[in-house]
Amino acid sequence: MTSFNVDDVRTDLAIIRAVGRLNMVAAPELRDVVARLVQSGKSRLVVDLSGVEFMDSSGLGALIGALKTTRQAGGDLRIAAPGEQVLMVLQLSNVDRILKPYENADDTFQD
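Residues in the sequence shown are numbered consecutively from 7, following my numbering.
The set of hints was computed from the structure by calculation and includes no laboratory data.
Every value quoted in this text rests on a predicted model; they were computed, and no experiment measured them.
Backbone N, C-alpha and C fix where the C-beta goes; we use that ideal spot for every residue, glycine too.
Accuracy of the hints is not assured; some may be wrong.
To be verified - Using C-beta positions, here's what the derived DEER-type ranges look like: (1) N100 <-> G47: 30 to 38 angstroms; (2) G67 <-> G89: 29 to 37 angstroms; (3) M94 <-> R16: 27 to 35 angstroms.
Throw the hints in and build the complete structure from the sequences for me.
Written out as structure tokens, the structure reads:
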């Protein structure tokens, strides 16, 4: 079972901590979490992937969709702490060029 826990950091910033498998079952839930956060005024989001043990193309699509949702709201989405398998999927699909992985969630919006 996959879970998404949200930590409010600032008025416009939240961290989504994903735990489990980011696959075709969990991808719609991630999209919903992102949509709700953006609607509530959080335009800058971090998806902490340190707890994700597996990601497939559906999970990849959910991350890209989340990036689009945040950018349309004038914000941005960043990813942090992907494990080996998740990083491999990001690299093989070249999505790591669009969604640059950060070492940890706290470093993503230091600019």
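Quick rundown of the hints versus the structure:
no.: 1; hint: N100 <-> G47: 30 to 38 angstroms; result: 32 angstroms, holds
no.: 2; hint: G67 <-> G89: 29 to 37 angstroms; result: 19 angstroms, violated
no.: 3; hint: M94 <-> R16: 27 to 35 angstroms; result: 32 angstroms, holds
Hint compliance for this structure: hint 2 alone is broken.
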